[in-house]
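K.L.:
Following the hints, position chains P and W against chain R.
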Amino acid sequence: MTSADQTLEIIPLDTLVARARLLREQGCRLVQICATRLPDQLELTYSFDRDMRLSSFRVIVAPDEARIPSISSVFWCAFLYENEMHDLFNLAVDGMAVDFHGKLYTTAVKFPFGSTKAPAAPAKN
Amino acid sequence: MAYFEMSRLALTWALKKPATTRYPFTPRQPIPGSRGRLVFTRDHCVYCTVCAKKCPTGALVVNRAQKRWAIDRLLCISCGYCVEACPKKSLALSTAHGVPAVTKDLELG
Amino acid sequence: MPRTIIPFGPQHPVLPEPIHLDLVVEDEKVVEARPSVGFVHRGLEKLVEKKDFTEFVYVAERICGICSFIHGQTYCQGLETIMRIPVPPRAHYLRTVWGEFSRIHSHLLWLGLMADSVGFESLFMHSWRVRERVLNLIEATTGGRVIFGTCKVGGVRRDIEPEAIQQILVELEGIEKDARQITKVFLGDNSVKDRLCGVGVLARQDAYDLGCVGPMLRASGVAQDMRQLGYAAYGELEFQAIIRTEGDSFSRCAVRCDEIFQSIDLIRQALAKIPTGEIAVKVTGNPNGEFIARTEQPRGEVAYLLKANGAKNLQRFRVRTPTFANLPAMIRLLQGCDLADVPVLVLTIDPCISCTER
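Residue numbers (the numbering used here), protein chains in the order written: chain R, 1 to 125; chain P, 126 to 234; chain W, 235 to 592.
Next up, chain R with everything else stripped away, as it sits in the complex:
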């Protein structure tokens, strides 16, 4: 398993649902949806698998103001990932198939990944 077996492509936000539909027609299944908060942007990585080959595409949005369309109309199982993204990152997702309205995880701090933090030095004693 090497890095060469996986593809990563950056696509614009408005082609997200169309791209997901295309991959569904090609027979892919959804592997994961991940959000990463970087200091000045938010990266969403969607990964799909077909015949053991992983292809991912990435959408880059500005933090705290973007509204992401849900792909649960194409892949029903995506609602769980999107609810989690909303609860942890304060990301607004439109049109989730099953919407928990922020109650998926009840954390002491709302939107734990909500603020940008540079990685701290490892804590030793």
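Treat the hints loosely; a few may be bogus.
Said to hold, decoys possible - Rough simulated footprint, nothing fancy, chain W against chain P, three-plus residues with beta-carbon under 8 Å: (1) 131-137; (2) 157-166; (3) 199-205.
Claimed, not checked - From chain W, some residues computed to sit far from chain R (all C-beta separations above 12 Å): (4) I240; (5) I399; (6) K427.
No lab work stands behind these hints: they were computed from the structure. Ideal placement from N, C-alpha and C gives every residue a C-beta, glycine not left out.
P.N.:
Only chains P and W this time, still in chain R's reference frame:
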């Protein structure tokens, strides 16, 4: 016929010695190589603080100036990194289970 | 027909970990199931900001108690691919052996819970009795029963001596004999078959579309097993993905029973071929890059997204566990089932909720 398989299993074990041990009346035989409680021998320790730096949970508190070695037993996960890191071989993992702690204080070595 | 809402969980004798379901019931038929997760959310993904990448193996292993070794292994594999560390072959084989032991003990645990959920408590106790033998073997070779603590970035921390290998093979024969006895009861006993056959049928296309992984997918006829990717030593061992086509709970139980014997066979193959040499290499420098590492856990495919930018702490650590992928299938299966089948259906996905919520 699977009825007889289960009856055979049940009968065999009804007649055999039970697979469980009557702990605490019968002491448990520890398995050699098991990672248990950390044991510290003070004789060779030079208080270099390498074990404290390597500890992933921060359970060890070592002070070179005061010649003090202490461990927070509740934080120790018996991973063995300190044992591998100690240059004077004064730390070892015994196979004994951890003793229930009654205070949260550091235990001095 | 008036509807009642019955809460299931978070504490229930059949559940290994807490999950809450609000079952909307119409006269003993479940119309809808509303899940509520988050009871064991520990925020482990945020801990990357505090622990550096070598220490983080300990956190990764403690995401789950049942599938802990393969979590650590996937993390190490992901980092080793990013940093291009050449892991010695002996370490690969040792990881494979321990991974397969992890799979055997996890499946035996699940078999016991499944027997408990249909009310067959003595079979539950027998399955866990066989599991004790596996755990003793694991403790003798790694030092821990549940959290092995042997994986590190660059290899493994402990070796298995040749005399120990002989003892393992002897003990494995005893375990196989015991496992054959109990799987015969699981697959042949009429009371078990009554409760499992025809319950929770998932058609092949549905299983694929819902994003199922692992034995859920393989019991519906799709032959996908992440071990075919060839990581660790799997590229040099021979095995086939075990599939069934009926897609009901009985076939999922049968797939897991067969996987126990497949794992025993894989351990024998690996121990016969294990090369001599080093068990770890030294790791210098910091990781830079990103990678999605995928391995086959007992419950299915786990995907680790690791992203690093040259600092000692990783930038992002994301775990997509197999139960997370199987949860939508469970919600779909629960619609329209009988109330008495709910424990069987919840257990049939092999829920490992602490993995799901990290």
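K.L.:
All hints are to be evaluated individually against the structure, with a verdict given for each.
P.N.:
Against the structure, the hints:
With 3 residues having a beta carbon nearer than 8 Å to a beta carbon of chain W, the region 131-137 of chain P meets the requirement of three or more and the stated coverage holds. Given as covered by chain W, the region 157-166 of chain P passes the check, having 4 residues with a CB less than 8 Å from a CB of that chain where 3 are the minimum. Three residues within the 8 Å Cβ limit are the bar, and the region 199-205 of chain P against chain W gives 4, so the coverage statement holds. The beta carbon of I240 of chain W is kept farther than 12 Å from every beta carbon of chain R, the shortest such distance being approximately 19 Å.
Here I399 of chain W stays apart from chain R, with its beta-carbon at least about 27 Å from theirs, past the 12 Å limit. The beta carbon of K427 of chain W sits about 30 Å from the closest Cβ of chain R, which is more than 12 Å, so the claim that it is off the interface holds.
Violated hints for the displayed structure: none, as all numbered hints are satisfied.
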